[in-house]
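Trainee: Read top to bottom, the protein sequences are chains A and B. When you line the first sequence up against this note's numbering, it's residues 1 to 385, in that order. When you line the second sequence up against this note's numbering, it's residues 386 to 518, in that order.
Since the hints were derived computationally from the structure, they do not count as laboratory data. One should not assume that every hint holds.
As the list claims (entries may be wrong) - In the DSS-like style, the derived pairs of lysine-lysine whose C-alpha atoms are separated by at most 30 Å in a straight line are:
| hint | chain 1 | residue 1 | chain 2 | residue 2 |
| --- | --- | --- | --- | --- |
| 1 | B | K455 | A | K23 |
| 2 | A | K269 | A | K159 |
| 3 | B | K455 | B | K409 |
| 4 | A | K159 | B | K455 |
As the list claims (entries may be wrong) - To give an idea of the interface, some chain B residues facing chain A are shown, with a C-beta separation under 8 Å as derived from the structure:
| hint | residue |
| --- | --- |
| 5 | P394 |
| 6 | D395 |
| 7 | V452 |
| 8 | R477 |
Unchecked claim - A short list of chain B residues far from chain A (calculated; beta carbon distances all over 10 Å):
| hint | residue |
| --- | --- |
| 9 | K409 |
| 10 | A416 |
| 11 | L421 |
| 12 | C432 |
| 13 | D436 |
| 14 | I438 |
| 15 | T439 |
| 16 | T445 |
| 17 | E497 |
Backbone N, C-alpha and C fix where the C-beta goes; we use that ideal spot for every residue, glycine too.
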Amino acid sequence: MSATASAAGNTIIAGIGQTEFSKASGRSELQLAAEASLAAITDAGMTPADIDGMVTFTLDTNDELLLMRCLGIPEVTYWSRTPHGGAGAHSTILHAALAVAGGAANAVLVWRAFNERSGRRFGQPNAQATPPGWNWYLPFGLDTPAKMYSLAFQRYMYKFGLTNEDFGEYTVVARRHAATNPNAWFYERPITIEDHQESRWIVEPILRLLDCCQESDGGVALVITRADRAPDLPRRAAKIAAASDAHLLDGNVMFNYYHGDLGEFPETKALAGHLYDQVGLGPQDMDAAMIYENFSPVVFLQLEGLGFCGPGEARDFIVDGNIDLDGALPVNTHGGLLGEAYIHGMNNILEGVRQIRGTAVNQVAGAETVMVAGGRSGLILQPAD
Amino acid sequence: MARVIPPTPDADDAYFWDGVREHKLLLQQCASCGTLRHPPVPMCGVCHSTDWITGEAAGTGTVHSWVVSKPPSALTEPGRVVVLVELTEGLRMVGNLVDVEQDDVRNEMAVEVCFREYDGVTLPQFRPAGGAR
Numbered sequence: 001m002s003a004t005a006s007a008a009g010n011t012i013i014a015g016i017g018q019t020e021f022s023k024a025s026g027r028s029e030l031q032l033a034a035e036a037s038l039a040a041i042t043d044a045g046m047t048p049a050d051i052d053g054m055v056t057f058t059l060d061t062n063d064e065l066l067l068m069r070c071l072g073i074p075e076v077t078y079w080s081r082t083p084h085g086g087a088g089a090h091s092t093i094l095h096a097a098l099a100v101a102g103g104a105a106n107a108v109l110v111w112r113a114f115n116e117r118s119g120r121r122f123g124q125p126n127a128q129a130t131p132p133g134w135n136w137y138l139p140f141g142l143d144t145p146a147k148m149y150s151l152a153f154q155r156y157m158y159k160f161g162l163t164n165e166d167f168g169e170y171t172v173v174a175r176r177h178a179a180t181n182p183n184a185w186f187y188e189r190p191i192t193i194e195d196h197q198e199s200r201w202i203v204e205p206i207l208r209l210l211d212c213c214q215e216s217d218g219g220v221a222l223v224i225t226r227a228d229r230a231p232d233l234p235r236r237a238a239k240i241a242a243a244s245d246a247h248l249l250d251g252n253v254m255f256n257y258y259h260g261d262l263g264e265f266p267e268t269k270a271l272a273g274h275l276y277d278q279v280g281l282g283p284q285d286m287d288a289a290m291i292y293e294n295f296s297p298v299v300f301l302q303l304e305g306l307g308f309c310g311p312g313e314a315r316d317f318i319v320d321g322n323i324d325l326d327g328a329l330p331v332n333t334h335g336g337l338l339g340e341a342y343i344h345g346m347n348n349i350l351e352g353v354r355q356i357r358g359t360a361v362n363q364v365a366g367a368e369t370v371m372v373a374g375g376r377s378g379l380i381l382q383p384a385d
Numbered sequence: 386m387a388r389v390i391p392p393t394p395d396a397d398d399a400y401f402w403d404g405v406r407e408h409k410l411l412l413q414q415c416a417s418c419g420t421l422r423h424p425p426v427p428m429c430g431v432c433h434s435t436d437w438i439t440g441e442a443a444g445t446g447t448v449h450s451w452v453v454s455k456p457p458s459a460l461t462e463p464g465r466v467v468v469l470v471e472l473t474e475g476l477r478m479v480g481n482l483v484d485v486e487q488d489d490v491r492n493e494m495a496v497e498v499c500f501r502e503y504d505g506v507t508l509p510q511f512r513p514a515g516g517a518r
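Here chain A stands alone, though its shape is the one from the complex (with noise of 0.2 Å):
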């Protein structure tokens, strides 16, 4: 396969920072992004006089002027928000990268910081008023995001014969992997089937609570500049080698009903199809992928979707150790959104320019191409050298 030129342009990103993740922060969300921030410039080794663009989510509830004063950002010439939620986690990449590589920036910072369980859970049903388009979901009990894509699961569940213990397959994965992972919540906390299988109903007969992300608290932020100032930086730089989005006519990002069949994930086949192409490789040239994931069963839709394995087959794929550390396709080395933290997607693509630097605490030997993928938006990195 040939490829067509990567759509972030030459651009890298290079500098990751994060605070700790954990479920009571004790501090503002504005003091979350502001920590991250600087951890992330100084990364990149660079100052905050250095930074001339901002992008994060419309989510996020802190203000890019404050976040400046913060931070002592004399000025900056380009500032973008992505909408929806983890499925624009790697979009803020795209932006951002888009930015330099337009000339409108020379180096942007990302990021994404909250209070999420300790401020307002993200998993709560939604109060009682309807936001415009949801008064076909809202008033018949589809009141919490674990209810909302269940309904589409199931189908999943019913076109190939699966049961919650199939998905769970997966958080025993996640969870090994979080387990000698110092930075992720559930750090030496590995589970077993039957914890799984014993934790409470969430959505019956689709979730349980082990197939849930959590709540957490915590904020993530990464630096995207020109690829040419690679050299010159103290840390190894990922290559946004890919970057794309994918969202297709009758596509919902909560309420993904109405495309032909529920049982598999239009958007990523063709993200997918995007980012092969712009790097040239397929499915069995990546070393590592990070897929996100707010609940269980959407690593199956990804794994498929995105090329891993075929229709059906996520559930062997996984039960025979291929997104094991030492399997043909690592899968959320850093323990995921189930087993790290939820930072709403943006923690896997730190693990991602982890991998890519080697320093990664579960580092797969070798890793040169890594997938960041969520589903409608996503970007393969490789080494900037």
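Once you've looked at the hints, dock chain B against the given chain A.
Mentor: What follows is chain B alone, placed relative to chain A:
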């Protein structure tokens, strides 16, 4: 605690909730090319007409997928069965399945619409087809 979050209709979907109050399941249809749409949008993505009419659905379909919704604050309550119904017209619509034990819910089971009132809110619901109630 109220069990039903009431809908907040706007210009694009008020017809649906007005119909529900009269125990009619209405679908939006492009007045120009005839394309049926649900959930509704104010412009036809096929022919771009903003003229649309509504018609009463047959009210029949099959269970495409389903979950049990329990309020996190009261896990001991039996919960509501939420269904994604594949309507006979070929559109999908979310509702609840009533008049059936949870253990008897099956994908592809035939259902028909009915209307029930909860906490003063009338909702379209589905029950096993051929139900006498």
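Trainee: I'd like to know which numbered hints this structure contradicts. Please list them from smallest to largest.
Mentor: none
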